[in-house]
Amino acid sequence: MFTSEETSTKAADIRPDPAPATAPLGREDRRRANPTSLIDPVYVARSVWKSKFLILGATVAGAALAVIVAANTPKQYVATTQILMDPRDLKVVANEITPNGLPSDATLALIESQTAVIMSSNVLSRVIEQAKLEQDPEFNGQAGTGFGALVSAALQSLLGGAKGAPEDPEYETLAQLRHALTVDRETKSFVINLSVDSQSPDKAAEIANLVASVFIDEQGRVQSETARRATTAITSRLSELRKSVVNA
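Quick note on my numbering: the sequence shown kicks off at 1 and runs consecutively.
Any given hint could be a false lead.
[To be verified] Derived DEER-like restraints, expressed as beta-carbon distance ranges:
{"id": "1", "residue 1": "E218", "residue 2": "A106", "range": "14 to 22 Å"}
{"id": "2", "residue 1": "E112", "residue 2": "G220", "range": "15 to 23 Å"}
{"id": "3", "residue 1": "V48", "residue 2": "T73", "range": "31 to 39 Å"}
{"id": "4", "residue 1": "L56", "residue 2": "E112", "range": "51 to 59 Å"}
{"id": "5", "residue 1": "L241", "residue 2": "P87", "range": "29 to 37 Å"}
{"id": "6", "residue 1": "A230", "residue 2": "D86", "range": "13 to 21 Å"}
[Stated by the list, open to error] Straight-line distance between alpha carbons at most 27 Å, and here's what the computed BS3-like set of lysine-lysine pairs gives:
{"id": "7", "residue 1": "K132", "residue 2": "K203"}
{"id": "8", "residue 1": "K132", "residue 2": "K75"}
{"id": "9", "residue 1": "K75", "residue 2": "K203"}
Read the hints as simulated data drawn from the structure, not as lab findings.
C-beta: ideal position from N, C-alpha, C; glycine also.
Hey, can you work out the whole structure from these sequences and the hints?
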């Protein structure tokens, strides 16, 4: 009897805990509880409004950076001159001195080779010498241009690194001139377009005309040398034939 009474007493003491009180869900909790509502316009508007100063600051900083870049980027001018290439050769030994025909493949190869001659060190070195570009900060690499130069100088100042040894002035000037020079052939023609970029329009025109002039002089020198060798060969052959006739 004692055992059953103790058991009934323990059974009477075991009661289920009352359900916890639930607090009302907020907007954020309801948004998480309801995954179908992925975008809450009110929540987005409030988030944007809370970050208004950050957005305004980023806008002002971007505008200031754009102004700085525009102010420190020098203007570039392009001057273009054209050279007409006549790929026809003169007949050295013939009844008449008239230009030969125009074989297509050989002609195109000749024109393309002339564009490479314009960019050659032989031509550009004479241009550098005559225009004194080694003394021009725009071409000798002594003056940085644009926003990139400012960033490079700032990084160099922050890192505390010293400038490396300057490159050969002649090599640097030649590289800068090649970078500023553009040579291409006009479509379906024998005309070569020669363009030069520079911060000064007068300098761009002067260099473009000088490159064309030096190239034409170089071509004239090569053709004169070719004609001289041909004349020497013909004269030598005529002398041999004359001796053969006399000996006969």
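Okay, the hints, checked on the actual structure:
1. E218 / A106: 14 to 22 Å: At roughly 21 Å between Cβ atoms, A106 and E218 fall inside 14 to 22 Å, so the hint holds.
2. E112 / G220: 15 to 23 Å: holds, 20 Å
3. V48 / T73: 31 to 39 Å: Since the Cβ atoms of V48 and T73 sit about 33 Å apart, the hinted range of 31 to 39 Å holds.
4. L56 / E112: 51 to 59 Å: Given a distance of about 56 Å, which is inside 51 to 59 Å, the answer is holds.
5. L241 / P87: 29 to 37 Å: Cβ of L241 to Cβ of P87: about 32 Å, so the range 29 to 37 Å holds.
6. A230 / D86: 13 to 21 Å: Distance hint for A230, D86 holds at roughly 18 Å.
7. K132 / K203: holds, 12 Å
8. K132 / K75: Holds: K132 and K75 sit about 22 Å apart, inside 27 Å.
9. K75 / K203: holds, 13 Å
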